[in-house]
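S.K.: Chain by chain, the residues:
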Amino acid sequence: MHRLNHSKVDCVIIGAGMSGLAAGIRLSMYDKKVVILEKHSISGGLNSYYSRGKRKFDVGLHALTNTITQDDRGKPFNKLLKQLRIPLGEFKLSPQNYSLIQFPEQTLKFTNQIEVLIEDINRRFPKEIDGFLGLLEYIKKFDEVNLNNETVMAKLVVRNFIKDESLIEMIFCPLLIYGSAWENDMDFSQFVIMFKSIFLEGFSRPEGGVRTIIDLLLKKFSECGGELRFKSEVTRIISDNGKVVGVEINGGEIIECDNILSSMGLPETFGILDQDQKNHPRVGNLSFTESIIITDKKPRDLGIDATIIFYNNRPQYLYQKPQTLFDKESAVVCFPNNFIRDDFDEGIMRVTNIANFDLWNEQLLLSKEGYKDHKDIVYNESLNILKNCGLNSTHEVLFRDIFTPTTIKRYTGHFGGAVYGSIDKSRNGTTKISGLYICGTDQGFLGIVGSMLSGISMANLHILSGSL
Amino acid sequence: MVTNEEVRTKVLDIIADIALDDDVNDLKDEVALREQLDLDSMDFLDIVMELKKRHKIEVPQEDYTRLASMQSCVEYLAPKFNAQA
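Each protein sequence line maps, in turn, to chains X and R. Counted from 1, the first sequence has number 265 at position 265 by my numbering; the numbering is strictly sequential. Counted from 1, the second sequence has number 478 at position 10 by my numbering; the numbering is strictly sequential.
So here's chain X without its partners, still in its complex pose:
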């Protein structure tokens, strides 16, 4: 039976991830009646957390990008803090030590100060230093968040400045794997967003990890009077004459609304429209496995004090869906102990590999045992990768956990376990349905700071500015 709920809201937000929560704060701050509907029983979406025994784990977030200090002004993270009215100090950010891009022939080092990367490129690719500096100036002047930018492939633009393909591969590696829904290349605006957030602003970790960010957002949202409902899956977007009128949740209850901000992804949103749409957005190809390893010793006592190592064991960097369950030749290796401030009692290492959703899904359907065996293979390869990164193996493993693309799909609802969403983005957030807007990953601002800015900008642009 349909239980009708006649309390109408101004805006329904689908998903209590970073973008949905940020949008919710903005709207409730200015007295809009908002309800956030979250399918899962906790918030965070693609950047969330879980506990096993006494240990707490982050999912998604390796490090916060777009790091700023108290003296910075006008950066994306500054904008975010002002819009959400959260002071920087509340995040208790600890910057990275340094990170490495480790390829077979060369390794590049970078920190939150671009000078370190410039110096390293000058040392290892002396012929390319002028080109790199030229690229840097071009990037600094580029308006990457202009919603009207045309789509241009980034490698084409970068080749105007840099000739050495292996340097291009190395520069692209961290930027692709920390945000690109596209294989092997990305839109230039997105490239610039990623370049600034990683190479110019850099990595840090909030004290307490991703929980701290989510808790700050939840607290603010609740102070502003917003309503958040867990275990509330939107099963249908109801429209009339091309205009939003409401949503149906858990296959029954109906909530009427004037606007919907959907952070569930573009193909996923299309999947619950009540009218068939042509030109369905494509499902993204990129998903991941991750091994989380807890050790008795800390990485720095085992020979590694880098914060993040972008590892690639081929001459070329293949950022694409592998033809195997996972790609063991490349990975991102994160050492959460190795920020300036170490928040942990034990050693913790995270090894993330690009993986093939379809093959994992097949395994899971075939047999639980086989699926488990393949997770063990991922784990064993992660130990190899750690060794190749220079970790000596005199430690004892106290705990390990491995997640796969099917785990990601189960918890985030993203088709194909696609971590960075569809390759079709809705940059201005609009859809063919009036009142239905997209925010989050498939609006196209990347990273955690990007996703929150996405929620803020879409709420401002489509809902708040219209009511002034």
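Bear in mind the hints are in silico, worked out from the structure with no lab data behind them. Don't be surprised by glycine CBs; every beta carbon is placed ideally from N, CA and C. Among the clues, some could well be false.
Across the chosen pairs, the derived CB separations fall in these ranges [said to hold, decoys possible]:
hint : chain 1 : residue 1 : chain 2 : residue 2 : range
1    : X       : MET153    : R       : GLU530    : 37 to 43 Å
2    : R       : ASP491    : X       : ASP143    : 24 to 30 Å
3    : R       : GLU473    : X       : TYR138    : 45 to 51 Å
4    : X       : ARG300    : R       : ARG534    : 53 to 59 Å
5    : R       : ASN550    : X       : GLY134    : 52 to 58 Å
Subject to a maximum C-alpha distance of 25 Å in a straight line, what follows is the list of computed DSS-like cross-link-like pairs (lysine-lysine) [as the list claims (entries may be wrong)]:
hint : chain 1 : residue 1 : chain 2 : residue 2
6    : R       : LYS496    : X       : LYS75
7    : X       : LYS33     : R       : LYS520
8    : X       : LYS432    : X       : LYS278
9    : X       : LYS298    : X       : LYS92
10   : R       : LYS524    : R       : LYS478
11   : X       : LYS219    : R       : LYS521
12   : X       : LYS220    : X       : LYS8
13   : R       : LYS521    : X       : LYS8
14   : X       : LYS109    : X       : LYS328
15   : R       : LYS524    : X       : LYS33
16   : X       : LYS75     : X       : LYS219
17   : X       : LYS75     : X       : LYS141
18   : R       : LYS521    : X       : LYS33
19   : R       : LYS521    : X       : LYS220
20   : X       : LYS220    : R       : LYS478
21   : R       : LYS520    : X       : LYS8
22   : X       : LYS432    : X       : LYS33
23   : X       : LYS368    : X       : LYS409
24   : X       : LYS298    : X       : LYS56
25   : X       : LYS219    : X       : LYS231
26   : X       : LYS220    : R       : LYS524
27   : R       : LYS520    : X       : LYS220
Using the hints provided, position chain R relative to the given structure of chain X.
M.R.: What follows is chain R alone, placed relative to chain X:
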């Protein structure tokens, strides 16, 4: 009668809440707010929305430029506050 000083305080309270990592105590009234504080167009929109939310004062889009400095804010807003009182 709402004095200019009271209007200034009300505006300053709003700005302090928005630019919360900036020090707003040494603002020069005749210099553009943008030059002294980390404020962009999204933040000016927030000043407008806060004026409406806290004081029921409407600022139409064509008047946004009147909020450029503290001095012009007070000149523009004082009559609006007094029309209410």
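S.K.: Return the numbers of the hints above that this structure violates; sort them in rising order.
M.R.: Violated: none.
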